[in-house]
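J.: Take these sequences, add in the hints, and give me the full structure.
These protein sequence lines are chains A and B, in that order.
Numbers 0 to 287, taken from numbering that gives the first Met the number 0, label the letters of the first sequence in order.
Numbers 0 to 1197, taken from numbering that gives the first Met the number 0, label the letters of the second sequence in order.
When the alpha-carbon atoms are kept at most 20 Å apart in a straight line, the in silico EDC-like pairs for lysine to aspartate or glutamate are as follows:
1) K818(B) <-> D632(B)
2) K980(B) <-> D931(B)
3) K88(A) <-> E383(B)
4) K112(A) <-> D297(B)
5) K617(B) <-> E753(B)
6) K74(A) <-> E298(B)
7) K554(B) <-> E52(A)
8) K130(A) <-> E383(B)
9) K1150(B) <-> E1036(B)
10) K1150(B) <-> E1161(B)
By construction, these hints were calculated from the structure, which means they are not laboratory data.
Here the structure is a predicted model, which means the values were calculated and not measured.
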Amino acid sequence: MELTIRNLSKTYANGVVALDDVSLDIPTGLFGLLGPNGAGKTTLMRTIATLQEADSGEIRFGEIDVLRQKNEVKKLLGYLPQEFGFYPKDTAFNILDHFTLLKGVRDRGERKKKVMELLKRVNLWVERNQKLGTFSHGMKQRFGIALTLLGNSKLIIVDEPTSGLDPEERVRFHNLLSEIGENIVVILSTHIVDDVSDLCTNMAIINNGQIILKANTFEAMAHVDGKIWEKEIPKSDLTTYEHKYHLISSRLFAGKTFIHIYSESNPVDGFTSVKPTLEDVYFYHLSQ
Amino acid sequence: MFLNIYLKEFARNLKGISFYLFTIILFVCTYFFAANLNPNSYIMGLSIAKEWHNAPILIAKMMARFSAVGLLLTIIMVGRSVTRDFSARIHDFFFTLPMKKTTYLGGRFFGGLTANVLLFLGVVLGFIVGCLVIGTNYYGPFRLSAFLLPLFALVIPNLLLVGGVFFSLATLTRKMTTTYLAGIGLLMVYGLVHGGFAGWENDAAKSLLDPFGIATLDALTKYWTVADINTNLMPLGGTMLWNRILWFSVSLVVLIFTWRRFRFVTVLEGKKKKMNFVEDHETKGISALGALSPTTIDETFVFHLRQSIHLISREFRRTVFHPAFLILTFMAISEILTNFGLNVKPMGDNVYPVTSRFLSETLHLWIYIIPLTIFFGGVIIWRERDHGSNEFYDTLPLPNSLSFLSKLLTMMAIQFCYIILAMIFAILTQIIVFRYTNIEVGLYIRHLFGITLLQFWFFTVFVFFIQNLSPNKILGFFLCALYFVADLMIFVVLKFDLPLLRYGNVPGFIYSNLNGFGHYGPVILWYTIYWLLFAAILVILTSLLWRRNNEISLKFRLRVGLQRFHRRFHWALVILFLLFLGTGGHIAYNRYILNEYRSERTAKRIQADYEKKYSRYKNRPQPNISEVKVKVDLYPEKRAVHIGGQYTLVNKTKSDIDEIIVSLSDWHTSEISQFDLSTPSSLEIHDSESGFRLFKLNHPLTAGQEIRLDFDFRTETRGFTDNNPKNELAAKGTCIILTGQNHNYFPRIGYNSEYELSSSRDRKKFGLSERPSSPTLQEANRSVPFWPCDLVTYEAIISTTSPQTVVSNGDLVRRWSEKGRNFFHYRSEAPMNREFVFASSEYDTVRDTYENIGIEVYFDKQHPYNAHRMIKGVKRAFDYCTKNYCPYPYRSVRIVEVPRYVDYGARSNPTVFTWSEDAGFISNLEKPGDVDMVFAICTHEMAHQWWAYIVTPADAEGDEMLTETMAQYIETMCLEKVYGKEIARKFLKKEMSHYLSRRKRDIEGERPLMRSYSKQYYINYPKSSVTMYALQDYVGEDRVNRALKTIVDEYGHREDRFPLSVDLIDAFKDAAPDSFDYLVTDLFETITLWENKAESATYEELDNDRYRVHLNVSTHKFRADSMGTQTEIPINDYIDIGLLGENNEELYSKKHRFEKNTSTIEIIVDKKPIRAGIDPYVILIDREREDNVVDVRLKYGD
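T.: What follows is the structure in structure tokens.
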């Protein structure tokens, strides 16, 4: 099943435009939604997850009208919010068992089996009886993923799952996401480019409530191939370069400032061509 | 550093929900107390009558009580401060800081303590708001010292003590559970000791040892007058000072001990450290497992039920194990237990704990249910959002109503448990404390579950409705509280009589043991259905608008609500709404159309109009009734009565009468088919609102001439109403009384001044001048009786439905049955005062005869306990009165139990006493040493046959001296003769204490007995017993009775001349030796109090086995004014001096004359004296009765 979003708009009561005529087609598999903080990612995720109402527009998941047939969507939905918490004295096993029951698994044995399977899958089996209040951030996120996998989810939405994770945890988390079946729609919203480049074949970039790029990850990179140039500069010259070139990013490496610029042709001036990363794609589009 | 820790601790307390919850509870409790205008309703064992509602001592007492009950709050606020560091595992951090333990412990302790003290703002606000709500008439100036003094003298030391103990326990054991348990245990022990359950009744010891100073305060202010209460601040000297010093030292010791024992160590020795974070064990990321196994999803309704049960049980556990919840529950339980204990012992008289007495007490649960529902309702509704797990729950594929209903049902289940607990505690109290086994489980269930619980549920539904719409929890709390206050303001304070608009309300009903819910049944039923339907509509609306997303704006929520609004909801809502309207219409039809509705205001306006229009007829000469002949057909099951008959009226005045005034309430009668005079006349005035009628006679009625009033009317009950429920017509326990006090069911001749508005506030409102309660003695007219005093012959044929029996006055000539109805023919040839009873119910009977009179007691079969005591009382009083005054003119006495709808306990009518089911028949007098109050009351009522119906007082102040004072006197003398001096003294002690402690509650100001008016019960009853006993003790019983006989001889059985209290006083002065005239003045003509004190007593043994005693006494005498302000007057009195030997043997007892305030008396006796005293049995009114007697010590030296 495919998720189609057509002309979705949402303006908050305080005047902030969160979604501005957003249209997207999201096929099965992992889909990356990339954007800086405040771009409208969470609003979009929540609207798909039936947690918010849109002003106008339409969302369809297969035959289901997401904005109206909320309960039909919920039967297929697994949603991992950006921030969440639980009663700190509950254990992972209890909460998971509790949610399995609420998802509709009647048989006690089946519930136990399901909980065990999931806990093993997210590698929390050993800590199953530990209180959630004592979990580290990474463990908590993995636990959250287990929750979204309950039932027969066909649409999984994970909102900024990797922010604040240490590199090791992030790797673990990526592995976990990549394991999720390929026949279902998984939307990963993030502001971390590596999340998308590691995992997603399809992606979109959102900024100020508008989709500024929707593409296949490889194609997006191919599009800028040979047009990204790098140079080490003194930090004080940054403004000069900013005026002179189409600067897309600057970063520090070993105390030195490196800049990336976009140029159709070789700018000479000491620049060297680099193999573009998704980050370059992302910053290129944001900088336009 | 100290300041830092201190402020942090303080702020931490202010952040928690407990702080606000408890401030609000204190506020609500205090508010209810301060705004309470019913002097018989107690909050925390206190009530207010005449004193200012913000009187300093009331504030002090309330604060002291809260500091004791609030002990559990102190556990949370102070005790928990250090353990919180442990449970939050930040103690490592604190303990490694370079900090002295004084700083750490001190900061924590005093930070918590300050927050705890701040809670008492709730009390301050409660007093202020409560007083402002009831208006300026009820409170005096607000004084800062009235709040600060108890705060510093009681609250802070108490918190220091309690806080210190719990802080110590919690800090040293580092466990909260122990601390909670210890707290609850302590409070229970305290409650038991304080409540006198342990039989510890030594006031002095209790005063000193009460750690909270409550008993101390109560003992020191026991006999304070209104003047004292309104002006004095709380006492700080005497026992209070010692008490405070004692407990302050104890708290210091505890705190020092804690400080010394406390160590900055992370782990207590001998215990394993068990609070490590989970160490992330080594993981290789995620193991590759392939696709997840598919799950079977059950979406059937049955499984949804299973899911909701799961949710409810989870939510339930979460809520009930919340510490604040446990504490609230504990407070609720102790409150109702205290009330159970208090209520079944009104004024210290034991009563069988019948179920209905407990039912009304469970209403106190409201005080706890309100904050509980508002707060935990909010907590439950917002729980997922507060934890941050709402988005998981909101995206679950569950029906919308499921999570809402689960939460609603959780709250309902909690309230259900409260009710169950209340019921269990009530039953246990009945069985264990009172050993009473007639447990009416069915009644408990109907009342508690059918009425009380449903009202709780209605409130819950409303709270859920509000919280669901509220954008956040705090605003929701606020809105719910606002609703609650608005409800009180509109319907309780402003008294809008619109029960159909007061959500969840079932209008006041009365449960009677005789009649059950009776005619209130349909009222309760219909209103309950009405609000059930409304609540169901609210439930559906809440369910439709139930929040399952992150949208706050109402626009989107309505949109979502409409999406959920399926066809079946349409139908359900429409049907419910139509049913709701229909039910409301049915109630309105019954209340406003089927029955004539009169609002309280209208009823009062009619009364005022009656006075304005007709009071000019007040002194118009009217004929007397000389004969009453009636036929009364009672239909109790239909609540109908048919009354027909005639009055014979005689002109006993010396002039002609051409206008006859008759009142008969048209509001109480449905159809009047005959109402005529036997001579030609015209009905000039007929005021159908008040029932006033004036007949103009074509030919005046000349002196001595007779005329007949023939009447025939019926009263039927249509439908149901709470507005004029006509309680007299009860299916079981109909009781109509023909009296001069009203004109509801029988015509009354002449202007009825009893019908005038009495409360001065109402009179002012309707533009009437202040009503003199009675004519003063100077302006009194001896030819006007206090109530219409017609001596009439009586004949009545009364019928009722089988198997009921009718009780009425006079002789029962014949009884027979006909067509399923029982007929009774009563008659009295001997004329009697015109007050006739028509009581019908299924009665059990006990009969006896004495001399030639028949004595019969009619009672409900559930209440057989005391009939024999009643008979004994009748016989004894009969004996006493016939011997001392005059023969009893009739041949029978009947005592009949009536439902509690009547507003008096026992009431005497000629030959019949009606006795409310609430008292007497259910008194429990099985404990040896108790005063037999049933016997006593019976002698009292019997005495009224002479002192009310043979001698009727004139209409003037002090009239009750000729009725109640005499009845109390005869009661005391009969008690003494049958049960001995000890019991009589016990009785008098209680009477004196009753008088002294109720003086302050007199709204109109105290008066001497000679000028008291009828509502001053505390003077007319208990003070009478005391003063009359003193009089006969000084001048002799025979002389007193001879004086009384002169009154009977002069005024008995007369219709033209009636005595005043001064006539009685003159008779006393005539009978007593002149040297005791002063005493008559002290006892009856003034408010006089004595302060007699035995300072010390010594004895020395003389040669001839004799003992010489030196007794130092002081005596003072005071006159009090109406507000209790005392002025000392010189003493010149005879007062008893007594010596007691071994086994309380009386060695010496003689009245000495005292002319100075202090004297030394020398007495020589034969036996060794043990105790000596002045007025040792406290015959004279004395506020300090304990100091009248001292131990006699051996004299040393000289």
